[in-house]
Each structure stands twice: as structure tokens, then as C-alpha cells.
Amino acid sequence: MSAIYILWLRELRRYTRSKVQIIASLGQPVMYLVALGFGMGAVFQQAGRGSYLQFMAPGVIAMTVLFSATFSGIALLWDRQFGFLKETLVAPVPRVFIMLGRTCGAATVALIQGCLVAVVCVIAGFRPVSLALLPEALAFLALIALVFAGVGTTVGSSLKDMQGFQMVMNFLVMPLFFLSGALYPLDNLPRAFAAVTRVDPLSYGVDGLRSALITQSHFGSALDATVLGVLAVIFIFLGAWRFSKIEV
Amino acid sequence: MIRAENLTRKFGDFTAVDCVSFEVGAGEIFAFLGPNGAGKTTTIKMLTTLLAVTSGKLEIDGLDPARHQNEVRRRFGIVFQDPSLDQELTAWENMDLHGALYHVPRKVRRERSEALLTLFGLWDRKDSPVKEFSGGMRRRLEISRGLLHTPKILFLDEPTLGLDPQSRNQLWSHVKDLNQKEGVTVFLTTHYMDEADRAASRIAIIDHGKIVALGTSKELKAQTGKENLEDAFLALTGTALRDENMSASERMRNVARMWRR
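Protein chains in written order, with our numbering: chain A, 1 to 248; chain B, 1 to 261.
Because the hints were derived from the structure by calculation, they are not lab data. Glycine included, C-beta positions come from ideal geometry on N, C-alpha and C. Any given hint might turn out to be false.
Restraint ranges, calculated between C-beta atoms of paired labels, are given here [unchecked claim]:
| # | chain 1 | residue 1 | chain 2 | residue 2 | range |
| --- | --- | --- | --- | --- | --- |
| 1 | A | G27 | B | E71 | 46 to 56 Å |
| 2 | A | K245 | B | N169 | 53 to 63 Å |
| 3 | A | Q163 | B | E114 | 39 to 49 Å |
| 4 | A | I234 | B | D82 | 31 to 41 Å |
| 5 | B | G135 | A | G39 | 50 to 60 Å |
| 6 | B | S55 | A | L172 | 50 to 60 Å |
Stretch by stretch, here's where chain B covers chain A in the computed footprint (C-beta under 8 Å, at least three residues) [what the hints assert, rightly or not]:
| # | region |
| --- | --- |
| 7 | 8 to 17 |
| 8 | 89 to 99 |
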């Protein structure tokens with residue numbers, strides 16, 4: 001247990017010490033928020049769907065958590081490079097614990113990052129409909145963070161060096177984001193496209209978050225929570241399995 | 001304490017360690033010498049559960065590392081050849097993390113960390129992040145960390161690489177102390193023949209994945225008819241230079257180094 005805690009603590013320490021990185025990682029969500037939130041706002045309003053900023057803010061928050069959690073998981077590659085991974089792999093601790101400590105740390109960092117962006121959204125003019133639903137929003141953020149920290153660890157354990165990283169970025173993370181309905185409503189889509197959005201885990205994350213923050217939901221929050229919960233368990237198991245196979 | 005029987009590890013077509021057999025008794029200091037790429041580190045990786053064995057038998061304290069990974073890991077400490085510190089954390093935090101991973105009780109952890117950091121001259125810098133340390137200081141921290149828990153077996157993979165004579169002296173006297181007072185078995189590799197000569201009770205020389213000679217320093221010198229261990233080593237392994245294949249992580253390290261400039 002102390003092993004899980006100390007590795008979790010390590011992720012947090014590393015995060016809080018890289019202040020430049022924290023600020024830099026807020027840049028992208030702010031860009032989406034400003035460029036799209038204000039740029040597309042008028043068109044969205046004319047289509048009779050209300051404020052686009054209100055609609056997309058949950059999507060941008062979910063995006064932040066997706067990026068942050070996946071990359072923290074993949075940061076495993078850096079530990080492999082700087083050699084620290086070896087130190088944890090020879091420790092007399094079951095590898096599942098090592099993996100859990102890292103993954104929980106990654107998820108916590110992603111959650112904090114998501115909350116920071118949420119604050120930025122509020123500053124930009126976003127208003128959650130009901131404060132009573134905030135705990136639910138936080139729970140959805142945590143679920144998204146866990147799912148993608150699991151995905152990140154799985155991918156990070158399977159790659160040998162940074163060359164695969166660009167592939168992951170282009171063929172996994174970006175599609176997950178763009179197909180999730182973070183930027184557009186999921187109704188009235190072409191049938192094939194709608195089917196694709198339905199298999200994207202982040203769709204359920206964005207939808208759950210939207211149901212908690214602006215009480216609009218496509219799938220229903222119960223389904224969102226179930227899908228995310230099941231996926232979190234699956235990916236953490238998958239990550240633990242891949243992690244146990246690492247050789248250095 | 002350590003027993004290897006026909007130990008073999010292949011990477012694709014390449015056989016890094018080829019039918020190696022040796023035995024290290026409890027309380028012994030055993031040196032593994034060989035040119036670059038001879039299979040020293042691969043052997044240590046197999047002994048320390050980091051690599052799976054392709055074929056052959058391995059026993060650490062009577063246990064099979066493949067089946068009883070955690071029991072085996074509890075029994076040894078290791079100082080790696082290449083860096084394995086978290087550079088963003090401070091020296092103290094690196095020690096603390098290691099202690100927690102090895103289930104050293106908090107109080108003991110603090111006392112021993114302080115003693116070791118003082119011994120290796122790092123106590124004043126204990127709250128600086130490791131990334132600000134020089135190469136020698138990092139090395140000393142790795143060694144302090146490897147000694148934090150009291151293992152039954154200590155693996156030292158080229159521990160003195162990049163250390164000044166003062167630190168080397170400190171390291172070897174500490175290791176000998178541990179060996180004599182606490183009966184720690186030591187398995188070491190080095191390129192400095194004088195160190196092996198002074199510290200080790202028995203020496204194995206490995207080349208191209210095979211053990212070419214095994215015995216005390218005296219026996220090796222007698223076997224080759226040479227005056228000192230260095231000449232005996234050269235007589236056994238030849239004078240040709242060796243190539244070493246870079247592993248994926250070493251390649252990455254090089255790329256990272258390039259980018260930082």
C-alpha cells in the first residue's frame with residue numbers, strides 16, 4: 001500500500017514542480033475556448049442551439065483530462081529513458097501496485113488539470129446550471145481520467161521508444177477527441193458517423209460531464225457512468241498486464 | 001547464494017549470454033569481468049528479474065527468480081550501470097521513495113538515509129533536485145540508495161564508473177564492511193582490474209557470452225602466467241576492441257541529449 005502511495009505522491013510532486021508546464025498546458029484549451037467558443041458562437045446561436053460557449057466548455061474540460069491523463073501514462077517512456085523505471089521494476093513490490101500508483105497519480109494530475117481549465121472556462125463566461133451537480137461533474141472527470149490514464153499506461157508499456165509517440169498522438173488521441181462530440185452535438189449525424197462516435201469512450205465522458213454541468217445529455221448519465229466505469233476497469237487490467245510484461 | 005546453470009539469453013539471433021554456469025557462495029565477493037558487450041549486464045538483468053531467461057536454470061537464495069519474483073527482489077539491492085534516479089525529485093525524496101518501495105520502516109529509513117548521505121558527502125545537498133547534480137554526485141546518490149535497505153545480495157554493475165578516487169575508496173571500504181559485518185554477498189562487475197583484484201574473493205571472466213576463466217585472482221594469474229590481473233585479462237580476452245549494440249532506451253537517451261542542446 002505504501003508503494004502505491006509513494007508512487008502516487010511522486011507523480012504529484014513532479015506535476016507541482018513543473019509550473020511552466022502547467023501554464024503551457026492551459027494554452028491549448030484556452031485557444032479552443034476563445035477561437036471556437038467565440039468564433040462559432042454566432043452560427044450556433046442562429047441554429048437555435050443556445051450559447052456555444054456553454055455547450056463546448058464541458059468538451060474542452062474533457063479534452064484537457066484526456067490529453068493530460070494519456071500523456072502522464074505515456075510518461076512511462078521517459079522513465080524508461082531516464083532509467084527510473086528500472087528502479088521501480090526491481091523493487092519487491094508486485095508490479096500491479098507499481099502500475100496502480102503510477103496510474104492513480106496520472107489520473108489525479110489530469111483531474112487537477114481539468115479543474116484548472118474549468119476555472120478558466122468560468123472566467124471566459126461559462127456558467128454551470130446547477131451547483132448541486134458539481135460533485136457529479138467531478139466524478140465524471142475522475143472516471144475520464146482513470147480510463148485514459150489506463151489507456152496511457154497500456155500504450156506506454158507497449159512502446160519501446162518515443163518514435164511511436166507521434167503515431168499515438170495522430171491515430172489515437174486526436175481522433176478520440178474529435179469524434180467525441182466535444183465540439184458538436186451528437187444528434188442528427190450521418191448514421192455511419194454516429195456509430196463511430198458511439199464507440200469512442202470519450203463521447204460518454206463528454207456527455208456525462210455535459211449532463212452534470214449544463215443538464216443536456218445524449219446517452220443519459222446512467223449509461224455514461226456505466227460505460228466509463230467498465231472501461232476504467234478494463235483498461236487498468238490491460239495496463240497492469242502490459243506493465244507486468246515490461247523488460248528493460 | 002547464487003547458482004546459474006547453463007544460463008542462456010538470446011535477443012533474436014544474437015546470443016548475449018551463452019550457457020553460463022557459476023556459483024556464488026553466501027558471504028562471498030564475486031567479480032564478473034569482461035570487455036564491453038560481453039554479457040555482464042545481461043547476466044545481472046537476469047539475476048535481478050529484469051530479463052527472462054531463454055534457457056538454463058537460475059537460483060537466488062534457493063529461489064527461482066522467474067517464479068518467486070518478489071521473494072527474490074526482497075533479497076537483493078542493486079546499483080545499476082546506467083542512471084536510474086528520478087531527476088525531478090530531490091536526493092532525499094529519491095532515498096525516501098526507495099525506502100518505501102523496499103518496506104524500510106520510516107524511522108530506520110530516515111536514520112540510514114542520513115548516515116549514507118553523510119558518508120557519501122551529499123547531506124548538504126539533500127534537498128536539491130537531482131537534475132542539478134554533477135555526474136559524480138548522481139553516482140554517489142545511486143550507491144547510497146542501493147545500500148539503504150540491507151539486502152542479502154548486493155549487485156554492483158560498474159559502480160565506480162565516473163567516480164573520483166576518494167569516492168571509490170569510500171565505496172569499497174563500505175562494501176567490504178557490509179560484507180564482513182553483515183555477511184552481505186556481493187556480485188560486482190567493473191572495468192578496473194585493480195578493484196576486482198583487491199575486493200573480490202573470486203573472479204569470473206566472460207567474453208562473447210561465455211565464461212572463459214573462473215577462479216581467484218592468484219589462480220587466474222597462474223593460469224595465464226602473468227604478473228597482474230590486467231595482463232591476465234588481456235591474455236584471456238584478446239586485445240581487439242568490441243562493438244556494443246545500443247538498446248532502444250540508449251538510443252532514446254542519445255536523442256534526448258541532442259534535443260537538450
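Exercise for review: Against the earlier hints, flag every one the structure doesn't satisfy and list their numbers going up.
Suggested key: Failing hints, ascending: 2, 6.
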